[in-house]
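**Student:** All chains, please: the whole structure from these sequences, using the hints.
Protein chains: 2
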Amino acid sequence: MLVAKTIEEIRQFACSSHREGKTIGFVPTMGALHEGHVSLFEAAAAACDLVIVSIFVNLTQFGEGEDFAQYPRNLPGDLALCREHGVCAVFTPDEEEMYPPGRLTEMTVRELDSRLCGRSRPGHFAGVATVVAKLFNIVGPDKAFFGAKDYQQTVVVRRMAADLNFPVEIIVCPTARHSDGLAVSSRNIYLSPEHRKQAPSVHGALELAAQLIRRRRPPAEEIVSIMREHLANHAPQGAIDYIQIVDPKDLTDIRTTKRAVLVALAVKFGTTRLIDNVLVGP
Amino acid sequence: MLVAKTIEEIRQFACSSHREGKTIGFVPTMGALHEGHVSLFEAAAAACDLVIVSIFVNLTQFGEGEDFAQYPRNLPGDLALCREHGVCAVFTPDEEEMYPPGRLTEMTVRELDSRLCGRSRPGHFAGVATVVAKLFNIVGPDKAFFGAKDYQQTVVVRRMAADLNFPVEIIVCPTARHSDGLAVSSRNIYLSPEHRKQAPSVHGALELAAQLIRRRRPPAEEIVSIMREHLANHAPQGAIDYIQIVDPKDLTDIRTTKRAVLVALAVKFGTTRLIDNVLVGP
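Here the protein sequences come in this chain order: A and B.
FYI, our numbering numbers position 208 of the first sequence as 372, with every residue one higher than the one before it.
FYI, our numbering numbers position 56 of the second sequence as 220, with every residue one higher than the one before it.
If you're looking for bench data, these hints aren't it; they were derived computationally from the structure.
All the pointers check out, no bait thrown in.
Since the list can't tell identical chains apart, any single copy or any two copies may satisfy a pair.
Result set (DSS-like, lysine-lysine): computed pairs, CA atoms no more than 30 Å apart in a straight line: (1) K307 - K413; (2) K432 - K361; (3) K413 - K169; (4) K186 - K307; (5) K432 - K413; (6) K361 - K313; (7) K313 - K413; (8) K169 - K186; (9) K169 - K307.
**Tutor:** In structure tokens:
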């Protein structure tokens, strides 16, 4: 497995693979890899000839006061996991390699960047869109794989890739979950034992919402109330950032649940912010 | 010569050329092709295995009240010229193909976009950067060729391509000129006979500046005064938008001319705005 620290190295690897007629599946990550990432590697390996993973904790998508410094980092463990799962090359640039001084180009994905998580994380999705555009240009993948847990991220990346005509197919894979339903996340390790006990209720509230919608399509408002009550009872230490019922395409709030809906929420346990969502068909 | 109206067609052509190991030289244009463009085709043909040209009058780089509707269009003539000069494929998308509804991604190249022409053309360089990024993703060129007449455009495109890691080499070719020195431009046809007579003084003023700088490196202020006087005498109907002496790298104003400088200006004859520049080494 190639471990490339420079753009030059990974580009040479990708170009020579393309020249041999091989398709590249790409999984961009911030490291601290877990079974959610592994499911993306497997999806990429099933759909493409070879898999390239990037590991880069992207400063530009963290806001002031967010957990950039504390974000978990474990490169040796990450590389071992990549090796175990048939990844062909890992791109692990440093800050200087990705963001040399003098950059002036700014990219935003209007509207989508200010909904859901965007309200409490201004600039986050501009940072995501920009680093993904850079990584697409560096790696030149045929398909790129993202987890559904970060649903808004997948909508932003799809929009950016379509608007700028990136020749990359965006593939969204199901959220990996622990046996108690909690979405697997690099940030889960920061939950206290008590918070960890309460955290599965985030998924529990979504399950409850999905059941309600499938059974009797109640108004969005009613669903949100029931979810709030569920969380108050089962996760009293969780501070709700938002619970929203939105159009899965453009993330705008919707009132009725007759059509396809995305139920999304963010809940903070201490300083650890968890997000999760469920998509319910029409 | 392939004439492709869709992204799908030109992408297939470019991909199969790449698969055959051929390098692609790309010349993005707004049509109304002239000998300036031809010099870019020739430079592209000399440096690459095949040449792709795009012809698209990009609405997003025209401001309100600018000449989008009046911009000269001559597709049959353009295609004939491309055929004559060994162009392999021309991409001529319509508005809908390049900008389908629903786009939300915005790109700007801060600072560079507000200097020189950017002062009187807000949004122009954001439009240029965006359409060039799209075209790079559509055509996938190895090298892209731009004329030095639009010097600021070349600086903006270089910055954007570097910041987003586009795997494209940007090559800037010398400005083509009529025998009287006037820079060849699609907009020259709109000059009245009297304006056409006075227009070469735009280049004359630049030549004068270059001579002065090479001879005795006077302060920028003095050069600008001399150029203004030259234009007042030789192009009395020309309204000066700006004359600036700037750092060729970042386009910031400079006072002394001891190092490399770019002398740039924009002059309006009636509604026709002409730009030109000269780069003088240290």
